[in-house]
Structure formats: structure tokens, C-alpha cells
Amino acid sequence: MAVLFVALALSGCGVSNVVIEGSFPTPNINKIPVAVAVYYDDALREFSYLEYSETGQEEFNIESGQSHIELFNAVLPAMFDRVIVVDNLEDARAEGVDAVFAPVIEEFQLALPAKTKLDVYEVWIKYNMRLLTAEGDYIADWILTSYGKTPTETFRSAADGINEAAVVALRDLASSFSLSFGQVPEVRDWLSSLQS
Numbered sequence: 022m023a024v025l026f027v028a029l030a031l032s033g034c035g036v037s038n039v040v041i042e043g044s045f046p047t048p049n050i051n052k053i054p055v056a057v058a059v060y061y062d063d064a065l066r067e068f069s070y071l072e073y074s075e076t077g078q079e080e081f082n083i084e085s086g087q088s089h090i091e092l093f094n095a096v097l098p099a100m101f102d103r104v105i106v107v108d109n110l111e112d113a114r115a116e117g118v119d120a121v122f123a124p125v126i127e128e129f130q131l132a133l134p135a136k137t138k139l140d141v142y143e144v145w146i147k148y149n150m151r152l153l154t155a156e157g158d159y160i161a162d163w164i165l166t167s168y169g170k171t172p173t174e175t176f177r178s179a180a181d182g183i184n185e186a187a188v189v190a191l192r193d194l195a196s197s198f199s200l201s202f203g204q205v206p207e208v209r210d211w212l213s214s215l216q217s
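Residue numbers (the working numbering): 22 to 217.
Honestly, I wouldn't trust all of these hints.
Calculated pairs, DSSO-like style, for lysine-lysine (alpha carbon to alpha carbon, straight line, at most 30 Å) [claimed, not checked]:
| # | residue 1 | residue 2 |
| --- | --- | --- |
| 1 | K147 | K136 |
| 2 | K138 | K52 |
| 3 | K170 | K138 |
| 4 | K136 | K170 |
| 5 | K170 | K147 |
Taking CB as the label site, the calculated pair distances span [to be verified]:
| # | residue 1 | residue 2 | range |
| --- | --- | --- | --- |
| 6 | T175 | L110 | 39 to 45 Å |
| 7 | V36 | T175 | 20 to 26 Å |
| 8 | P134 | P206 | 38 to 44 Å |
| 9 | R151 | S178 | 34 to 40 Å |
Hints listed in this document are in silico derivations from the structure and should not be mistaken for laboratory results. Cβ atoms here follow ideal geometry from the backbone N, Cα and C, with glycine treated the same way.
Produce the complete structure using the sequences and hints provided.
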């Protein structure tokens, strides 16, 4: 009986896993007439963030790598004439693409109502957007941030609130990335050079 109680007590103290899941609409924008390879490195594919409690215990393990891939797989084909996902940069060269897009997650932040004393879940994500030539030289390298929040009264659990705030942040990224891509000075110069 004592062993069962200890096992139950320990299982209640573990970290809660949250796998971010959502749907991402395709933006309605004019396509840029280029072929782009997309390279998702292992760090992005397997991205997770660990949130600690105020006492330093692991509280939430947020796995969001797959949701970032789903987001870009929805957005990029709406932006470019041809999009090919590659496993490595060498494959991009063989595909004869105009550029390689390789996003990196630089930072993920989570604000929980219990810590902020606000009635919202908040997620901030900082990305390094990298556009490379097929040979691996930089065309452009810029930072984009996204933000999402959801009110606590909408959700039954912290996991649901965290998931929804992350999905809102990802949708924010989809919008800002697709609308600002051609305004990045190095991207604008690169697109001009392709037309000359």
C-alpha cells in the first residue's frame, strides 16, 4: 500500500507534455516566380521548450517542431511558384532552385497566468529567417518575432491554453512573414537581380 502511494505521489509531480497542434490557413498573396528549397534542420524539426515552475521543477515540456513545419508547408507554396522540401543543402543544389529557405527558432517564451497574475496564456517566438543560394551563400538573414495570447476562461486546462497561444503566435508569424518577405532589403535586391 505504501509503495502504491509513493508511486502515485511521484507520478503527480512530473512534467506535463504539450504537443502544439493547430491548423494554418494559406495566405492569399501573389506568388513570387521563383523555385525555393526548404531545409528544416533537426533543431527545428525536434524543437521543444521546457518551462520551469517557480520552485525550479520542470512544469511543461512544449513540443512544437512539427507545428512549425506544418505552418511553413502551408505558407511557402502560396508565396513561391515551386517549393521543394530537402533533407540537406546538397539536395537543394541538385534540384536547381533559385534559393534555399532555412528557418531557425532562436527563442521561445511562455507566460503562464499563475506567474504573471494576468488571465492570459502568452507565447513569444523569435525566428532567424535565412535565405541562401543553392551553394549555401547568404542572400538574406533577418529576425522575425511572433506573439500569441489566449484568455484563461476559454480553456479547461493549461495545456489547451498554451497550445492555443502557440497556434495564435504561429498564425501571427505566417501573416508577418508572407507580407514582409519582399520588403526585407536583401530579399528585395535579390528578387531585382533575378529579373535583370
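**OP:** Please write out, lowest number first, the hints stated earlier that are contradicted by the structure.
**Re:** 2
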